[in-house]
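Q: Listed below are the residues making up each chain.
Protein chains: 2
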Amino acid sequence: MTLPQHVRLVEVGPRDGLQNEKQPISVEDKVRLVDDLSAAGLAYIEVGSFVSPKWVPQMAGSAEVFTRIQRRPGVTYAALTPNMKGFEAALAAGVREVAVFAAASERFSQKNINCSIADSLARFVPLLDAAKARGVRVRGYISCVLGCPYEGEVPAAQVAAVARELYAMGCYEISLGDTIGTGTAGATRQLFEVVGRDIPRDRLAGHFHDTYGQALANVYAGLLEGISVFDSSVAGLGGCPYAKGATGNVATEDVLYLLQGLGIETGIDLDRLVAAGQRICNVLDKPNGSRVARARLSRG
Amino acid sequence: MTLPQHVRLVEVGPRDGLQNEKQPISVEDKVRLVDDLSAAGLAYIEVGSFVSPKWVPQMAGSAEVFTRIQRRPGVTYAALTPNMKGFEAALAAGVREVAVFAAASERFSQKNINCSIADSLARFVPLLDAAKARGVRVRGYISCVLGCPYEGEVPAAQVAAVARELYAMGCYEISLGDTIGTGTAGATRQLFEVVGRDIPRDRLAGHFHDTYGQALANVYAGLLEGISVFDSSVAGLGGCPYAKGATGNVATEDVLYLLQGLGIETGIDLDRLVAAGQRICNVLDKPNGSRVARARLSRG
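One line per chain: the protein sequences are U and D, in this order. Heads up: the first sequence runs through residues 3 to 302, numbered per the working numbering. Heads up: the second sequence runs through residues 3 to 302, numbered per the working numbering.
Source of the hints: derived by calculation from the structure; they are not laboratory data. Source: prediction; values computed, not measured. Keep in mind that the hints are not guaranteed to be accurate.
Unchecked claim - Capping the alpha-carbon separation at 30 Å, the derived lysine-lysine pairs in DSSO-like fashion look like this: (1) K24/U x K288/D; (2) K288/U x K288/D; (3) K56/U x K113/U; (4) K113/D x K87/D; (5) K288/D x K56/D; (6) K24/D x K288/D; (7) K24/D x K56/D; (8) K24/D x K288/U; (9) K113/U x K24/U.
Same shape as in the complex, but just chain U:
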């Protein structure tokens, strides 16, 4: 068993986390969160999303956030751009790395983005071409990789097929998302094993939600499969719209604590990260979703 020596954490709290919060959050608070995170050592932060505010009102101020954050050298500030319009808007706001997302489940694709998987992939081709022409890197997300709220089980081969397409059209990294958090360690390992037959493992990332409490075990399972990039959300920000009351993304603090225990380097300062998470929780007036943060803060 050889674990990766270095892991990159992709912080999705400002985007995947906040977009699922109900109350409005000011541009100031978003900027402060992003700056706190980069100051804590996060080298990759998904700052916002360029989508219609009709669909995701919480992301309305993304362009302004991008213009106001303090850009630290070596940090990637990324945006989710589901289509060409979003892509152009992102670039106008100074974004230099974007992400697109597809689903591994046909029914989820239909319900969530209103088109088939094939259609959603076809729409990304011009975006990927434009990105390539302009030197913008594109990350690909796949949702429902370990289960779908409508279809139940999702075969790993089906995930692999979508991953191959995204990779072939130019996504430099494919993040496999357990959107509803039903996956367990065994399925996680099998998934990376199957998808890893077509795509180098250093081009795959794991994105786990903790709805069933399995996220950290799944991260460990991913590490054992040689995966070295994981998405996480500070303070476990975000919920899962498909299971009310359930928790959202795995907390960055908890993943970092695991990695530190394994002697894996990330460049992130846990104390500063905990402070950043607690600060946004205070703004949102909600309990901190990171157990590490709760334990450390209660310890006083």
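With chain U fixed as given, assemble chain D onto it according to the hints.
A: The following block gives chain D in isolation, referenced to the frame of chain U:
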């Protein structure tokens, strides 16, 4: 990697869980919890503790609980008995399996049970002898195996030394407890590797607290080391007295969900288990500490 095909879960909710709850719980509610758990398929339940009610008021009714539970064939109903007086009281109440506990950390032993590790072990000798003479099986707990609130890191060799002594004096199984929940997957594997040099792995159990959110990853790490017995607490009952606001034992539901995902048999019905946990949470008027339970119940 060969995972165990069958895992035994030792349900510690009625004892380790409830003893850390603040409000009084009636004998009726405790009996109902134990009966619900055995009905759900738990084959090993730690029902109570025979200690001075001065020290652990919550366990005052343990003898009465033992006389009133519905004993199902094939189910072990165990009690914690820290000394001969407790052992005799337990046997008088019909208990046929007991547990003793020692610490892996000298300062924790002094602070928690008011004597050195060596003294605590010496006190168990007559108890183990009496148990052997009367055909009563004794399980040994070791606390602070992956960290001590007073000493910090605890070397695995120190845990192994205590484990060897308990095993030599007749404990048929040694449960290694991460009392403060600071352990991570790497340390867990190393611990079982070191302790497993002296004691067969099928005589070792893992007991993880979820204070830092690591418990389920640690269970998975234990499985990978060939450990097939884990302690857990329905609904994650119990807190950690050393980190206020922090969570306690890993939730039985969450462990069971992991095991089911890995295709490992336990004989436990998840639906009935979730119902049992939610029932005692309603009695206690506290949120359910199992993420699996919360996800399933919110799904409605």
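Q: Evaluate each hint against the coordinates.
A: Results for each hint:
1. With a C-alpha separation of about 24 Å, the suggested pair K24/U and K288/D falls inside the 30 Å cut-off, and the hint holds.
2. With a C-alpha separation of about 17 Å, the suggested pairing of K288/U with K288/D holds against the 30 Å cut-off.
3. For the proposed pair K56/U and K113/U, the alpha carbon gap of about 16 Å is at most 30 Å, so the pair holds.
4. Proximity of K113/D to K87/D is assessed by CA-CA distance (about 21 Å); at most 30 Å being required, the pair is judged to hold.
5. A distance of roughly 25 Å separates the Cα atoms of K288/D and K56/D; the hinted pair therefore holds under the 30 Å criterion.
6. For the given pair, K24/D sits about 11 Å from K288/D by alpha-carbon distance, which is consistent with the 30 Å threshold.
7. With a C-alpha separation of about 14 Å, the suggested pair K24/D and K56/D falls inside the 30 Å cut-off, and the hint holds.
8. For the hint linking K24/D to K288/U, the alpha-carbon distance of about 24 Å falls within 30 Å, and the restraint holds.
9. Only pairs whose Cα atoms come within 30 Å are accepted, and K113/U paired with K24/U is accepted, the gap being roughly 21 Å.
Comparing the model with each earlier hint shows no violations; every hint is respected.
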